[in-house]
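A.B. asks: Here are the chains, one letter per residue:
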Amino acid sequence: MERTRLRRQVALTRQSLFDQGFLDEQFIQLEDLQDDANPNFVEEVVTLYYRDSARLITNIEKALEKNSLDFNKLDGFMHQFKGSSSSIGAKKVKAECTLFREYCRAGNGEGLPHLSVQGLNGFAWIHTSCRCTRTFQQIKKEYATLKRKLEAYFQVVRQAGPAETACWPK
Amino acid sequence: MLGMWKSNAPDEFVCIKFDMEISEGSSLSDVASSTTNSSGRRQNSAEVKEGQSFSMCKRLVQMMQGNIWISLSPLGFAQGMTLVLRFQIHPSYGRAVFSPGTSSEQPNSNPQFRGLHVILADDDHVNRMVTKKLLEKLGCEVTAVSSGSECLSALSSAENSFILVVLDLQMPEMDGFEVATRIRKFRSRNWPLIVAVTASAEDNVWERCLRMGMNGVIRKPVLLQGMADELQRVLQRAREQF
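Residue numbers (full-length UniProt numbering), protein chains in the order written: chain A, 1 to 170; chain B, 1 to 242.
Only chain A is shown next, with the shape it has when bound in the complex:
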């Protein structure tokens, strides 16, 4: 039956997202919250995430373009972005965000012991800025990849029709 085939495809696609490390348990939490009252809850949350975080991405980009980086501000934006990303279970995105925040803290003289404020000469500062920028490129890449994969996933979900989403194996 076509239905069965589609459902199997949904299950396999879903499993691969976990196996390849794109999603973590938080995504399952979203699935647990989906019910008859909100049958498309997961997709709605993910859509909201991508819509909302686009603004944050722009803010971070602008902040990174400045000649002198405001690490505090960057860390603030990233804290928000990481929070949202965690909520949907975006595992790889979240990991890159954590790295970015480490570099921000280094830029502020905190965190990494070998980059103290005194030791933060011009070279070290540039080094940190580069790391931030490069890490951010990585974040954007993971962010976009996840978006593509989730869009494909939700498409198959829709094709498979209203499924008994509650019965995903845990």
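Hints listed in this document are in silico derivations from the structure and should not be mistaken for laboratory results.
Keep in mind the model is a prediction, meaning the values are calculated, not measured.
Just so it is clear, CB atoms sit at the ideal spot from N, CA and C, and this is done for glycine as well.
Worth double-checking, as some hints may not be accurate.
[As the list claims (entries may be wrong)] Each computed DSS-like pair below joins lysine-lysine, with the alpha-carbon atoms no more than 25 Å apart:
id: 1; chain 1: B; residue 1: K220; chain 2: A; residue 2: K147
id: 2; chain 1: A; residue 1: K92; chain 2: B; residue 2: K17
id: 3; chain 1: B; residue 1: K220; chain 2: A; residue 2: K140
id: 4; chain 1: A; residue 1: K62; chain 2: A; residue 2: K92
id: 5; chain 1: A; residue 1: K147; chain 2: B; residue 2: K132
id: 6; chain 1: A; residue 1: K141; chain 2: A; residue 2: K92
id: 7; chain 1: A; residue 1: K73; chain 2: A; residue 2: K141
id: 8; chain 1: A; residue 1: K62; chain 2: A; residue 2: K140
id: 9; chain 1: B; residue 1: K17; chain 2: B; residue 2: K58
id: 10; chain 1: A; residue 1: K62; chain 2: A; residue 2: K141
id: 11; chain 1: B; residue 1: K220; chain 2: A; residue 2: K73
id: 12; chain 1: A; residue 1: K147; chain 2: A; residue 2: K92
id: 13; chain 1: A; residue 1: K149; chain 2: A; residue 2: K66
id: 14; chain 1: A; residue 1: K147; chain 2: A; residue 2: K62
id: 15; chain 1: A; residue 1: K73; chain 2: A; residue 2: K62
[What the hints assert, rightly or not] Beyond 12 Å from chain A on every Cβ pair, some chain B residues (computed):
id: 16; residue: D19
id: 17; residue: S23
id: 18; residue: M56
id: 19; residue: L83
id: 20; residue: P111
id: 21; residue: A158
id: 22; residue: D168
id: 23; residue: E178
id: 24; residue: Q225
Put chain B on the given structure of chain A with help from the hints.
C.D. replies: Chain B alone, transformed into the frame defined by chain A:
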């Protein structure tokens, strides 16, 4: 003797009458002094002197729109006291909090959370949507706001029904600590209950929250079971204090 009747008052009220018997040597003897009182207070047999604590009780009861009076024996001694209190009948969801109920339509929701009116404050749209759904899954009625100031105005306009505030600590304009401080300043120490949500893994966050007058803390990521457990703990403590 406990009696209950519906008065002429509109349907929203119920009156409960407590009839108490005062026997000699009982602890209610400070209600009125009698001639056997060794402090030797003189009294008119037709009159009963009210003790200071009784006056205070009377005042409180009257403020609660009730009444309290002493009934006298033929000899002028206090033989009984009657207390009438008027209670406003709240819609049943208010009572569900304090009494164990039977299970509801939603298989996941704990009966003690059913009808619990929660104000959720979180500036992040995604988090707000997820946490709101989580609380609704537990059976709560949720009002979601996106800032500390919105939270305070929602509280001030809400009826005095049972309320719990779930508060994200890291909000940009007014952080959770400040919101909690303001809530505690203008309302009682224990009402509404406040539960903080934080991403911080620091040990002293819990202490700091307690000092600010909060009742519970949940660490992010917020999970269904974690929220249920903490809400249960917080409600249990609140029940004990009543």
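A.B. asks: Decide, hint by hint, whether the structure agrees.
C.D. replies: Here is what the structure says about each hint:
With a C-alpha separation of about 23 Å, the suggested pair B/K220 and A/K147 falls inside the 25 Å cut-off, and the hint holds. With a C-alpha separation of about 65 Å, the suggested pairing of A/K92 with B/K17 is violated against the 25 Å cut-off. A distance of roughly 24 Å separates the Cα atoms of B/K220 and A/K140; the hinted pair therefore holds under the 25 Å criterion. A distance of roughly 23 Å separates the Cα atoms of A/K62 and A/K92; the hinted pair therefore holds under the 25 Å criterion.
Taking the CA atoms of A/K147 and B/K132, the gap is about 24 Å. The hint holds against a cut of 25 Å. Proposed proximity of A/K141 and A/K92 is supported: the alpha carbons are some 10 Å apart, at most 25 Å. A distance of roughly 22 Å separates the Cα atoms of A/K73 and A/K141; the hinted pair therefore holds under the 25 Å criterion. Between A/K62 and A/K140 the CA atoms are separated by roughly 14 Å; this keeps the pair inside 25 Å, and the hint holds.
Taking the CA atoms of B/K17 and B/K58, the gap is about 14 Å. The hint holds against a cut of 25 Å. Pair hint A/K62 plus A/K141 holds up; C-alpha atoms about 17 Å apart against a cutoff of 25 Å. Distance hint between B/K220 and A/K73 is fulfilled; the C-alpha atoms sit about 22 Å from each other, no more than 25 Å. Taken as a hint, the A/K147 and A/K92 pair is honoured in the structure, with Cα atoms around 12 Å apart against an allowance of 25 Å.
Among the hinted pairs, A/K149 with A/K66 is inconsistent with the structure: their alpha-carbon atoms are about 33 Å apart, more than 25 Å. The hinted pair formed by A/K147 and A/K62 meets the criterion: a straight-line CA distance of about 22 Å does not exceed 25 Å. For the hint linking A/K73 to A/K62, the alpha-carbon distance of about 11 Å falls within 25 Å, and the restraint holds. At the 12 Å boundary, the C-beta of B/D19 stays outside the reach of chain A, the nearest C-beta of that chain being 50 Å off.
The claim that B/S23 is not at the interface with chain A holds, since no C-beta of that chain comes within 12 Å of its own (minimum 59 Å). Against the 12 Å criterion, B/M56 stays outside the reach of chain A, whose nearest CB is about 51 Å from its own CB. The Cβ of B/L83 lies farther than 12 Å from every Cβ of chain A, with a closest approach of about 46 Å, so its non-interface assignment holds. Remark: the non-interface label on B/P111 is consistent with the geometry, its nearest Cβ contact in chain A lying 18 Å away (cut-off 12 Å).
The beta carbon of B/A158 is kept farther than 12 Å from every beta carbon of chain A, the shortest such distance being approximately 24 Å. The claim that B/D168 is not at the interface with chain A is violated, since a C-beta of that chain comes within 12 Å of its own (minimum 9 Å). Listed as a non-interface residue, B/E178 keeps its Cβ farther than 12 Å from every Cβ of chain A; the least gap is roughly 17 Å. Once the 12 Å rule is applied to beta carbons, B/Q225 is inconsistent with being away from chain A; the minimum gap is 10 Å.
In summary, the numbered hints that this structure violates are 2, 13, 22 and 24.
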